[in-house]
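With the sequences and hints as input, model every part of the structure.
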Amino acid sequence: MVVTARTSLDAQKLRADFPIFEQEIHGKPLAYLDSAVTSQKPRQVLDAMRDFYETSNANVHRGVYTLSERATEAFEGARQKVADFVNAPDVREVIFTRQATEALNLVAYAWGLNNLGPGDLVVVTELEHHSNFVPWQYMAEKTGAGFRMLHVNEDGELDLSGLDEAARDGNVKVVAANLVSNALGTINPIEKLAAWAHAQGAIMVVDGAQAAPHHPVDVQALGCDFFALSAHKMCGPTGVGALWGRREILEAMEPFNLGGHMISKVRYESTTWGELPHKFEAGTSPIAEAVGLGAAIDYLNEVGIEAIEAHEQELAAVALERLGEIEGVTLYGPPADRRAGIVSFNVEGIHPHDVAQVLDSEGVAIRAGHHCCQPLMTRLAVAATNRASFYLYSVPEEIDRLVEGVQKTRKIFG
Amino acid sequence: MVVTARTSLDAQKLRADFPIFEQEIHGKPLAYLDSAVTSQKPRQVLDAMRDFYETSNANVHRGVYTLSERATEAFEGARQKVADFVNAPDVREVIFTRQATEALNLVAYAWGLNNLGPGDLVVVTELEHHSNFVPWQYMAEKTGAGFRMLHVNEDGELDLSGLDEAARDGNVKVVAANLVSNALGTINPIEKLAAWAHAQGAIMVVDGAQAAPHHPVDVQALGCDFFALSAHKMCGPTGVGALWGRREILEAMEPFNLGGHMISKVRYESTTWGELPHKFEAGTSPIAEAVGLGAAIDYLNEVGIEAIEAHEQELAAVALERLGEIEGVTLYGPPADRRAGIVSFNVEGIHPHDVAQVLDSEGVAIRAGHHCCQPLMTRLAVAATNRASFYLYSVPEEIDRLVEGVQKTRKIFG
Amino acid sequence: MAEDLYREVILDHYKNPRGHGVMEDADAQAEGVNPLCGDEVSIYVQFADDGETLEEVKFSGRGCAISQASTSMLMEMVVGKTASEIAGLPKEALLEEVGIPLTPVRLKCALLGLGVLKVALHRAKGTPLPDEWAGLDELELT
Amino acid sequence: MAEDLYREVILDHYKNPRGHGVMEDADAQAEGVNPLCGDEVSIYVQFADDGETLEEVKFSGRGCAISQASTSMLMEMVVGKTASEIAGLPKEALLEEVGIPLTPVRLKCALLGLGVLKVALHRAKGTPLPDEWAGLDELELT
Ligand SMILES: Cc1ncc(COP(=O)(O)O)c(C=O)c1O
Ligand SMILES: Cc1ncc(COP(=O)(O)O)c(C=O)c1O
Numbered sequence: 001m002v003v004t005a006r007t008s009l010d011a012q013k014l015r016a017d018f019p020i021f022e023q024e025i026h027g028k029p030l031a032y033l034d035s036a037v038t039s040q041k042p043r044q045v046l047d048a049m050r051d052f053y054e055t056s057n058a059n060v061h062r063g064v065y066t067l068s069e070r071a072t073e074a075f076e077g078a079r080q081k082v083a084d085f086v087n088a089p090d091v092r093e094v095i096f097t098r099q100a101t102e103a104l105n106l107v108a109y110a111w112g113l114n115n116l117g118p119g120d121l122v123v124v125t126e127l128e129h130h131s132n133f134v135p136w137q138y139m140a141e142k143t144g145a146g147f148r149m150l151h152v153n154e155d156g157e158l159d160l161s162g163l164d165e166a167a168r169d170g171n172v173k174v175v176a177a178n179l180v181s182n183a184l185g186t187i188n189p190i191e192k193l194a195a196w197a198h199a200q201g202a203i204m205v206v207d208g209a210q211a212a213p214h215h216p217v218d219v220q221a222l223g224c225d226f227f228a229l230s231a232h233k234m235c236g237p238t239g240v241g242a243l244w245g246r247r248e249i250l251e252a253m254e255p256f257n258l259g260g261h262m263i264s265k266v267r268y269e270s271t272t273w274g275e276l277p278h279k280f281e282a283g284t285s286p287i288a289e290a291v292g293l294g295a296a297i298d299y300l301n302e303v304g305i306e307a308i309e310a311h312e313q314e315l316a317a318v319a320l321e322r323l324g325e326i327e328g329v330t331l332y333g334p335p336a337d338r339r340a341g342i343v344s345f346n347v348e349g350i351h352p353h354d355v356a357q358v359l360d361s362e363g364v365a366i367r368a369g370h371h372c373c374q375p376l377m378t379r380l381a382v383a384a385t386n387r388a389s390f391y392l393y394s395v396p397e398e399i400d401r402l403v404e405g406v407q408k409t410r411k412i413f414g
Numbered sequence: 001m002v003v004t005a006r007t008s009l010d011a012q013k014l015r016a017d018f019p020i021f022e023q024e025i026h027g028k029p030l031a032y033l034d035s036a037v038t039s040q041k042p043r044q045v046l047d048a049m050r051d052f053y054e055t056s057n058a059n060v061h062r063g064v065y066t067l068s069e070r071a072t073e074a075f076e077g078a079r080q081k082v083a084d085f086v087n088a089p090d091v092r093e094v095i096f097t098r099q100a101t102e103a104l105n106l107v108a109y110a111w112g113l114n115n116l117g118p119g120d121l122v123v124v125t126e127l128e129h130h131s132n133f134v135p136w137q138y139m140a141e142k143t144g145a146g147f148r149m150l151h152v153n154e155d156g157e158l159d160l161s162g163l164d165e166a167a168r169d170g171n172v173k174v175v176a177a178n179l180v181s182n183a184l185g186t187i188n189p190i191e192k193l194a195a196w197a198h199a200q201g202a203i204m205v206v207d208g209a210q211a212a213p214h215h216p217v218d219v220q221a222l223g224c225d226f227f228a229l230s231a232h233k234m235c236g237p238t239g240v241g242a243l244w245g246r247r248e249i250l251e252a253m254e255p256f257n258l259g260g261h262m263i264s265k266v267r268y269e270s271t272t273w274g275e276l277p278h279k280f281e282a283g284t285s286p287i288a289e290a291v292g293l294g295a296a297i298d299y300l301n302e303v304g305i306e307a308i309e310a311h312e313q314e315l316a317a318v319a320l321e322r323l324g325e326i327e328g329v330t331l332y333g334p335p336a337d338r339r340a341g342i343v344s345f346n347v348e349g350i351h352p353h354d355v356a357q358v359l360d361s362e363g364v365a366i367r368a369g370h371h372c373c374q375p376l377m378t379r380l381a382v383a384a385t386n387r388a389s390f391y392l393y394s395v396p397e398e399i400d401r402l403v404e405g406v407q408k409t410r411k412i413f414g
Numbered sequence: 001m002a003e004d005l006y007r008e009v010i011l012d013h014y015k016n017p018r019g020h021g022v023m024e025d026a027d028a029q030a031e032g033v034n035p036l037c038g039d040e041v042s043i044y045v046q047f048a049d050d051g052e053t054l055e056e057v058k059f060s061g062r063g064c065a066i067s068q069a070s071t072s073m074l075m076e077m078v079v080g081k082t083a084s085e086i087a088g089l090p091k092e093a094l095l096e097e098v099g100i101p102l103t104p105v106r107l108k109c110a111l112l113g114l115g116v117l118k119v120a121l122h123r124a125k126g127t128p129l130p131d132e133w134a135g136l137d138e139l140e141l142t
Numbered sequence: 001m002a003e004d005l006y007r008e009v010i011l012d013h014y015k016n017p018r019g020h021g022v023m024e025d026a027d028a029q030a031e032g033v034n035p036l037c038g039d040e041v042s043i044y045v046q047f048a049d050d051g052e053t054l055e056e057v058k059f060s061g062r063g064c065a066i067s068q069a070s071t072s073m074l075m076e077m078v079v080g081k082t083a084s085e086i087a088g089l090p091k092e093a094l095l096e097e098v099g100i101p102l103t104p105v106r107l108k109c110a111l112l113g114l115g116v117l118k119v120a121l122h123r124a125k126g127t128p129l130p131d132e133w134a135g136l137d138e139l140e141l142t
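Residue numbers (the working numbering), protein chains in the order written: chain L, 1 to 414; chain R, 1 to 414; chain F, 1 to 142; chain X, 1 to 142.
Since the hints were derived computationally from the structure, they do not count as laboratory data.
Taking lysine-lysine and the DSSO-like style, the derived pairs with C-alpha atoms no more than 27 Å apart in a straight line are:
id : chain 1 : residue 1 : chain 2 : residue 2
1  : F       : K91       : R       : K265
2  : F       : K91       : F       : K81
3  : R       : K408      : X       : K15
Selected chain F positions facing chain L (Cβ under 7 Å, derived; list incomplete):
id : residue
4  : Y6
5  : G38
6  : A65
Distance windows between CB atoms, simulated:
id : chain 1 : residue 1 : chain 2 : residue 2 : range
7  : X       : I100      : L       : D47       : 34 to 42 Å
8  : X       : R7        : L       : T55       : 27 to 35 Å
9  : X       : R7        : L       : H198      : 48 to 56 Å
All C-beta atoms in this analysis are idealised placements derived from N, C-alpha and C, irrespective of residue type, glycine included.
In structure tokens:
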């Protein structure tokens with residue numbers, strides 16, 4: 001007998017770390033299939049934050065006293081964990097933000113507003129979340145730069161042959177793409193996009209919000225210039241995210257938010273900026289939240305990102321197969337072996353909101369909507385889809401319940 | 001016998017709500033006299049956040065399912081609490097931000113960048129924290145507007161006679177001031193400044209970071225157009241703050257951060273913005289943190305803001321008197337009856353960092369530095385000051401220990 | 001449980017919407033989107049000779065059962081009423097017809113059609129559009 | 001406890017700083033600020049005829065006991081050394097002289113003078129300024 005040696009995880013056991021599963025919804029156990037929008041939090045993360053507040057709470061960097069030193073150590077320790085997690089060459093390249101959205105806005109404002117102009121082009125993809133689409137569209141408009149969109153094919157995968165056409169009308173200065181699409185689970189070829197971007201003299205901005213929780217990340221191997229993530233999608237708290245940026249670029253950049261902490265000298269006549277990463281962290285940081293993110297990274301590392309990804313892909317494959325067997329169900333996105341743990345679908349004649357509502361009454365939480373991807377919805381010619389997304393605590397029985405719920409919905413609307 | 005009927009609080013009893021005081025620092029009980037920089041957190045607030053994560057965690061607004069509805073209710077409930085706390089006429093005028101700093105940047109970017117130009121003037125005060133100084137200085141420079149500073153007198157109080165001079169060289173478009181100075185405890189006459197600002201056709205931007213935790217706030221009575229606060233200074237968590245803004249102005253404004261949630265329709269060709277307050281809340285909000293802020297407001301309301309202010313002023317008066325009796329001690333700021341619970345001082349020949357270090361070894365945490373008020377330090381002709389600041393959990397014995405610590409420092413350096 | 005959510009009458013209106021269609025040369029018209037769900041509703045009104053009474057109404061659009069069924073029900077409710085009567089029509093009147101418990105998110109679905117109709121009348125006749133409709137804050141009433 | 005923080009020798013250097021003063025026509029010069037505490041240090045160097053050896057050094061500034069005492073101690077350490085010797089001087093050498101436990105914040109105070117001196121030599125002589133000095137990330141070395 002051959003045993004396949006592959007890292008695996010025991011989702012049923014991990015569930016015990018997540019207090020939220022101790023409740024029932026409408027009298028049924030909670031089947032939470034909306035982790036792409038936000039993840040649940042393990043006790044370990046909640047404990048770390050509580051412990052911070054109860055023993056070390058103070059502002060960071062500035063205090064001479066013990067509590068403040070402790071807080072600084074915890075906060076900077078979290079920064080190091082993020083740096084290691086994405087394989088950043090230098091911890092000073094990691095900037096704490098509110099979430100991925102703000103990280104991307106930081107780049108769009110502090111880099112885009114000061115470096116784009118008429119004749120320049122910004123290229124985004126049709127798969128982008130609004131957070132990596134609208135900031136670039138807005139900055140292009142503000143600066144007079146052009147705005148182009150790389151299309152997807154029938155499988156919801158990027159059609160790279162469109163790149164050169166995108167570049168035809170101007171000087172490409174920014175290429176912005178997500179590593180994993182939150183709407184379809186597509187995994188994008190960032191290495192290729194980055195190489196192309198750099199050949200054009202452009203910067204490569206990666207929205208890693210959906211990748212970081214589920215997929216090993218190495219910013220050096222990706223070859224990108226910026227990488228954004230959100231803690232709340234990766235077992236961490238709301239209120240904090242991170243931007244990794246290439247040091248030379250960050251150093252040459254203007255700051256974004258201005259105020260306390262990010263300065264060196266403030267005079268009536270003029271102000272000089274502080275060093276990295278402080279230059280980009282105006283005001284009191286989300287300190288306890290960063291500590292929570294650090295604890296979340298510890299947790300994910302313990303479980304193993306590869307094991308998490310394999311687990312989710314397995315679940316997604318099963319879900320695709322089972323849902324595909326239901327009459328009237330349309331599936332969107334790439335084949336199971338080329339996608340992350342996200343399954344988008346529609347049921348003929350039934351609006352996703354109605355599907356989700358019926359599922360909720362069975363204790364099954366899925367997302368119904370445009371997933372902040374209206375341009376992609378336009379491409380798919382739908383207003384919305386249903387989406388089930390998995391995480392390390394997802395178990396196969398939840399797929400059974402999802403499938404039963406969809407069948408029940410069809411019966412009600414039949 | 002006459003009993004003075006005035007609300008009062010029992011700080012010794014309230015301390016029991018704050019787990020941080022259960023520890024010793026260098027073998028001494030913690031005397032935390034740095035609440036102006038960040039406050040400690042009561043169990044009630046920590047419990048509310050933990051409970052949110054354990055029972056209701058989901059993203060807000062978009063989910064059809066039960067958890068998401070619960071999360072939305074908790075989050076929007078917190079918004080209502082903030083609105084009531086500052087007496088906002090309309091709950092949609094309350095925008096959640098990372099902290100006061102970001103709230104002020106929101107105004108500086110979304111209003112300032114689009115409304116300032118050559119010939120216009122921005123007026124700030126010499127008492128401003130960098131967070132209400134640098135954003136305006138930067139926007140003035142970016143837009144070609146002028147930048148003026150209203151000076152303070154010997155007592156560290158604003159010299160309003162300088163206003164008309166400030167207005168001499170241009171069209172005043174913004175007046176920015178804090179309600180309570182974090183460096184000196186000065187309480188500024190916002191009503192007068194706002195009236196003057198409006199007479200010039202300018203907007204009045206109030207940094208309420210230091211006021212909201214300690215001083216009753218009524219944005220309608222103040223007559224301002226914007227008011228910024230930070231949760232972490234008022235018994236709430238890090239990672240969240242709020243901006244109140246006048247509805248007509250917010251509605252006419254461009255957005256700030258762009259991305260998910262703040263949009264109405266996103267098309268390749270163009271994007272339209274959502275309604276208030278969502279237009280200004282791009283990406284996943286600091287949801288649990290907002291819930292924590294709501295719980296903090298409940299806590300403050302229960303104790304009573306007037307009682308808190310009276311308690312702190314009493315402590316400040318004692319501290320001013322006791323410190324003033326020590327040889328070589330210089331006190332800064334207005335008389336005790338015209339200031340908040342903040343005491344800034346220097347000890348002749350001893351740098352504040354050395355004072356704070358000696359005090360820390362006695363378990364007493366005070367701030368030493370420029371308090372993010374370098375322009376004011378320039379005015380006072382010092383590089384830094386020592387600052388002790390009080391809150392609802394501060395007790396008179398902590399002042400005894402502060403005074404003893406200062407005396408000990410003098411002995412060491414004597 | 002789920003069965004209670006979608007009463008027979010809702011399903012009936014959803015599957016057989018009343019007044020469904022497009023009207024050329026309508027006297028009043030507006031469309032609205034609920035960006036959260038992508039529900040879309042367009043409403044067309046033709047007035048009687050008094051220029052006040054709604055003689056005919058139609059709607060087109062797509063969306064969830066609640067938004068489409070409630071708009072269909074609305075069509076039946078408003079024919080024969082005057083513009084100002086509809087401007088004053090409280091949302092509760094429609095919600096009573098709909099007759100199922102609605103969470104805040106679904107409430108927006110249910111009220112989309114009524115909001116659009118009020119906007120159409122406001123534009124054509126200047127009937128008041130009270131602030132509470134701005135309270136449907138995710139609606140883009142274009 | 002507090003007494004251990006400020007050894008006699010620190011207090012002595014603080015109260016009687018060695019090499020304190022300003023130098024006109026210095027061969028090398030730089031100033032630095034620790035914006036966190038407002039510590040300021042300016043350092044002036046005069047080379048011997050070989051153009052390499054530090055013949056005289058002076059510093060001016062203001063700040064906490066740690067920053068001023070450690071700079072004073074540094075002045076004694078570096079006279080007679082060459083620019084490249086000082087470029088290679090590890091911070092541990094100075095910290096050993098200072099000889100008290102320092103938290104990260106105070107470490108920046110203690111190393112301000114050394115950083116400023118390295119910058120001055122880097123500018124005047126092109127001696128290397130390794131990245132670790134950028135690690136004093138709150139320093140503004142102007
Ligand atoms: C008056 C004042 N304004 C602004 C701030 C900045 O607060 P935050 O860092 O929470 O944005 C502070 C806090 O130090 C303050 O005291
Ligand atoms: C691909 C992608 N990008 C960006 C975001 C925005 O994340 P946040 O709201 O945490 O900034 C999301 C989350 O929905 C996402 O999935």
